[in-house]
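Visitor: Listed here are the chains, written in short residue letters.
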Amino acid sequence: MAVKKTKYKMPEQDPKERIKNFNEVPYGYDKKTAIEEAKRCLQCKKKPCTEGCPVGIDIPDFINSIANGDFDKAAEIIKAKNNLPAVCGRVCPYENQCEGMCTVKKISVYSEPVAIGRLERFIADYERNKGAKIPKKSKSTGKKVAIAGSGPAGLTCAGDLAKMGHGVTIFEALHAPGGVLMYGIPEFRLPKEIVNAEVDYIKKLGVEINYDVVIGKTITVDELMEEYDAIFIGTGAGLPRWLRIPGENLDGVYSANEYLTRINMMRAYDFPNYDTPIKIGKIVATFGAGNVAMDCARTSLRSGAEKSYIIYRRSENEMPARLEEIHHAKEEGVIFKFLTNPVKFIGDDKGILKEGVFIKMKLGEPDESGRRRPIPIKDSEFKMKIDTAIVAIGQNPNPLIPKTVNGLKIGKHGNIITDEDGRTNIPGIFAGGDIATGAATVILAMGAGKRAAVAIDKYLKSKK
Amino acid sequence: MYKILEKKAMSETVKLMKIKAPLVAKKAVAGQFIILRIDEKGERIPLTIADYDRRKGTVTVIFMEVGKTTKQLGTLKVGDSILNFSGPLGQPSDIEKYGTVVCIGGGVGIAPLYPIIRELKQAGNYVISILGARNKKLLMLEKEIDELSDELHICTDDGSKGTKGFVSDILQKLIDDKKKIDIVWAIGPVIMMKVVANLTKKYEIKTIVSLNPIMVDGTGMCGGCRVSVGGETKFACVDGPEFDGHLVDFDNLMLRNRRFLCQEEEACRCTGE
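Here the protein sequences line up with chains A and B, keeping their order.
The first sequence begins at 603 in our numbering and counts up by one.
The second sequence begins at 6 in our numbering and counts up by one.
Since the hints were made in silico from the structure, they are not lab data.
For clarity, every value in this text was computed on a predicted model and none was experimentally measured.
Honestly, I wouldn't trust all of these hints.
[What the hints assert, rightly or not] In silico lysine-lysine, DSS-like type, Cα no more than 25 Å apart, as pairs:
#, chain 1, residue 1, chain 2, residue 2
1, B, Lys46, A, Lys622
2, A, Lys794, B, Lys46
3, B, Lys239, A, Lys946
4, B, Lys239, A, Lys956
5, A, Lys881, B, Lys239
6, A, Lys952, B, Lys239
7, B, Lys46, A, Lys805
8, B, Lys32, A, Lys1005
9, A, Lys746, B, Lys32
10, B, Lys31, A, Lys1005
[As the list claims (entries may be wrong)] Computed beta-carbon distance windows for the label pairs:
#, chain 1, residue 1, chain 2, residue 2, range
11, B, Tyr208, A, Lys964, 50 to 56 Å
12, B, Gly170, A, Asp951, 44 to 50 Å
13, B, Leu81, A, Glu1022, 18 to 24 Å
14, B, Asp151, A, Pro1029, 51 to 57 Å
15, B, Glu152, A, Lys1063, 55 to 61 Å
16, B, Glu237, A, Lys708, 41 to 47 Å
17, B, Lys46, A, Ala604, 53 to 59 Å
18, B, Gly129, A, Lys1065, 42 to 48 Å
19, A, Ile954, B, Ile196, 53 to 59 Å
20, B, Arg274, A, His1015, 44 to 50 Å
21, B, Gly84, A, Lys1063, 27 to 33 Å
22, B, Cys267, A, His1015, 19 to 25 Å
All C-beta atoms, glycine included, are put in the ideal place defined by N, C-alpha and C.
Please put together the full structure from these sequences, using the hints given.
Guide: If you want it as C-alpha cells, here you go:
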C-alpha cells in the first residue's frame, strides 16, 4: 500500500471562536488517527529524523510503538531522551528538524513528512493524563549541582543530572518555574497547566526548585561554588532589544517581554481577578516577524484589539517565524505589513501613543544573515494610527550573571562563551541555552542542557 | 513564604513592615530594592529597602498605601506571610567619603533615604538632612535621622511642622549661605526630585536621585521600568534605581508612572476601596 502523501489533520479550534479565548488552538490527535499517522513512517534504517533532533530521540522506534498501539512503550522511548515532550510536541520547529529530514517527505514534491511533532504531543498528553511513570533513579553520587534558571535549558539539564544520581537544586529568579515557557509562550500555544505538569515530573526526579532567588544578586555564582560541586547557568536571553527610534518610551509602547509577561505569567488577561494590569488599544502594531511577534499579535486579538498588525521591514519570505505560527496568525486575522519600518512614534498631549510614522523598504543585497538587506525607499514615509506598539525584534542575553562572575569569559553580545558541551572557561561552571547562544529556540536550549548534563557528569566523576 | 514579624503605622497611610527574608537581608545594602507579590493573584511591586538586619534575617520596607497592592499589604498583620519576596535588586548606592552631603527626603521617600544617610555618615561624611512632606502627619523617621545627621532641616507644605515650604527652598538657602556642598541625594516624589535636580544643576552640584518606576520582573527582562538618562534608555531595575539627577528625563518618568492609573482605580473599586 502506498504511503498517504499528506499528514493526518489535527483538529483545531475555529479561528473565529478561538480569538475570543485563550484556550489551546489544536486539540491533538485521537488514538486512531495517531496510529494511522504512525503507519506512514517507513522505519528507515538510517533514521535521518533522529539526526535532526537536537535531543536525539529515537524517532522511528517510538513511532513504531504507536503503530503497534503500545503508547506506554512510546512514552518510555521519548522520555529516555526528552524530559519535556509535551512542550516540544507543541513548540518545536519540527519542519526544520526531524520532519525536515524525513524520508517520506522526499517521495514526491507533494509529500508531507510524518507528523512527528503531533505524534510526540499525542504520546506526551497520553502519558500525562495517565500519570507519568517516574524512572528509577541511579544510586546517589553524593555530588551537588546548582542550576541558575528554570527554563528549558535548566529543566532539561536538571532532569538528566537527577537521573544520573546527582543532587540538583534549581534557583529561579521569578515566582514560577519554566522561564520563557511560562512568561513568554502564550496559553493558547502552550497551556501553563502542561508546563506545570512537566515541571512536576522534573521535581519527582528529585530536583529541588527555589524561587525568588536572583543569582548574581541574592546569591552569587562564586558563593554557589563553595557549596556545590558544579553549576549550570541557563538564565536565557532576557534583555529586550529596542527599535531605538523617537517616542519609544511613550505610554503604549511595550517590549514583547513586558507585554507577554503581564499577560501570560501575571495573567493580566484576567484583570481585575488578577491584580496585574495591561492596557491594550484598539489598533496594535507588533514589530518583528519571529514566533514572539506572532504570539504578541495573536494575543492582542484575544485581548480585544480591533486590528492587529505585524510590521516587518523585510518581505514575507524572510519572516523567521514558524510557518504554522504565521498560518495561525493569518487565519485569525492578523494583518501583515511587509517592507515597512517604523521611523518614530507620536504621542498625544498626555504622552500616550496615538500614531506611528513608517517608511517603505525594498530589498537589496544579502546581508551577513544571508537574507536580503532591507533598504528604506526615499520619501515613502506615511503615518498610521496605532495606540499600542509591541517591540518584538529579539533579545540579548541577560547580563546579571555574566557581569557578576569573576573571570568568566563573555562574548561581545554579552553571551557566556562555552564549548560544544557547555563548558565555560572556569572549571565547574557550565552554561547553555540562550545565555550562551543568544536568542534561539526552546529545543536548542534543551539540547544544550542535555549536552551540559553529560559534560557535568563527566566533570564530577573526574574530580574523584 | 515570608513572614511579617513587625508592623508599625508611620502615619495614616504609611506603614512599616519587618519581613523575615534571610537571603535578602544577608545581601541588602543601602539604595537597593525588593520585589514582592502578596498572593497567587497578586501583582509584583518594587519597594525600596528601608533597613535590614543581617543577624535577625529581616528586611524592613516602608510603603504608602496608594494602590491595590499596597492597600492590601497594609491590611496584613504580624504573623501573616507574603508569598514572594525577592532581592536585593538594583545597584547599591555609591557610598564614599564625599565631604559634605545633603540628603533630601520627601514623604515616603524618607524611608529609603534612611540607610543611605547611615552609610554616608559611617563613611565619614558631614551629613545635612532635609526632610519634607505635605504635612506633619506624613513626616517620618525624624528622630532616627536626626541622630545620624550633623544638621537636620524639616519643612512641610502647610507649615504644620518645621519651615513652611519645600525641600528645595531649604536647599536654596543652604546654597545662598555659601555652604560647600559636595553631593546631594534626593529621594521622593518625581516632581520633588526634578525640582531639586534643576536647582543643583544651576550650581553644578552632583545630585543622585532614586527612581521608582513601574516594574514587573525586576531583573532586566521586561523593560517596563525604562527611563531616559542622558538620552539613553536605562532600566531602573538593573542599571538603577539611582541615577545622576541631572541626566534623568523626569517628565517622561512621570508620564510612564501614570500608565495604569485607570486600571489601578478599577482594581481598587473591585476590592471595595
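Visitor: If a hint holds in the structure, say so; if it does not, say that too.
Guide: Okay, the hints, checked on the actual structure:
{"no.": "1", "hint": "B:Lys46 / A:Lys622", "verdict": "holds, 22 Å"}
{"no.": "2", "hint": "A:Lys794 / B:Lys46", "verdict": "holds, 15 Å"}
{"no.": "3", "hint": "B:Lys239 / A:Lys946", "verdict": "holds, 19 Å"}
{"no.": "4", "hint": "B:Lys239 / A:Lys956", "verdict": "holds, 24 Å"}
{"no.": "5", "hint": "A:Lys881 / B:Lys239", "verdict": "holds, 22 Å"}
{"no.": "6", "hint": "A:Lys952 / B:Lys239", "verdict": "holds, 22 Å"}
{"no.": "7", "hint": "B:Lys46 / A:Lys805", "verdict": "holds, 24 Å"}
{"no.": "8", "hint": "B:Lys32 / A:Lys1005", "verdict": "holds, 17 Å"}
{"no.": "9", "hint": "A:Lys746 / B:Lys32", "verdict": "holds, 23 Å"}
{"no.": "10", "hint": "B:Lys31 / A:Lys1005", "verdict": "holds, 20 Å"}
{"no.": "11", "hint": "B:Tyr208 / A:Lys964: 50 to 56 Å", "verdict": "holds, 53 Å"}
{"no.": "12", "hint": "B:Gly170 / A:Asp951: 44 to 50 Å", "verdict": "violated, 31 Å"}
{"no.": "13", "hint": "B:Leu81 / A:Glu1022: 18 to 24 Å", "verdict": "violated, 51 Å"}
{"no.": "14", "hint": "B:Asp151 / A:Pro1029: 51 to 57 Å", "verdict": "holds, 53 Å"}
{"no.": "15", "hint": "B:Glu152 / A:Lys1063: 55 to 61 Å", "verdict": "holds, 58 Å"}
{"no.": "16", "hint": "B:Glu237 / A:Lys708: 41 to 47 Å", "verdict": "violated, 52 Å"}
{"no.": "17", "hint": "B:Lys46 / A:Ala604: 53 to 59 Å", "verdict": "holds, 55 Å"}
{"no.": "18", "hint": "B:Gly129 / A:Lys1065: 42 to 48 Å", "verdict": "holds, 47 Å"}
{"no.": "19", "hint": "A:Ile954 / B:Ile196: 53 to 59 Å", "verdict": "violated, 20 Å"}
{"no.": "20", "hint": "B:Arg274 / A:His1015: 44 to 50 Å", "verdict": "holds, 46 Å"}
{"no.": "21", "hint": "B:Gly84 / A:Lys1063: 27 to 33 Å", "verdict": "violated, 48 Å"}
{"no.": "22", "hint": "B:Cys267 / A:His1015: 19 to 25 Å", "verdict": "violated, 39 Å"}
The structure shown violates the earlier hints numbered 12, 13, 16, 19, 21, 22.
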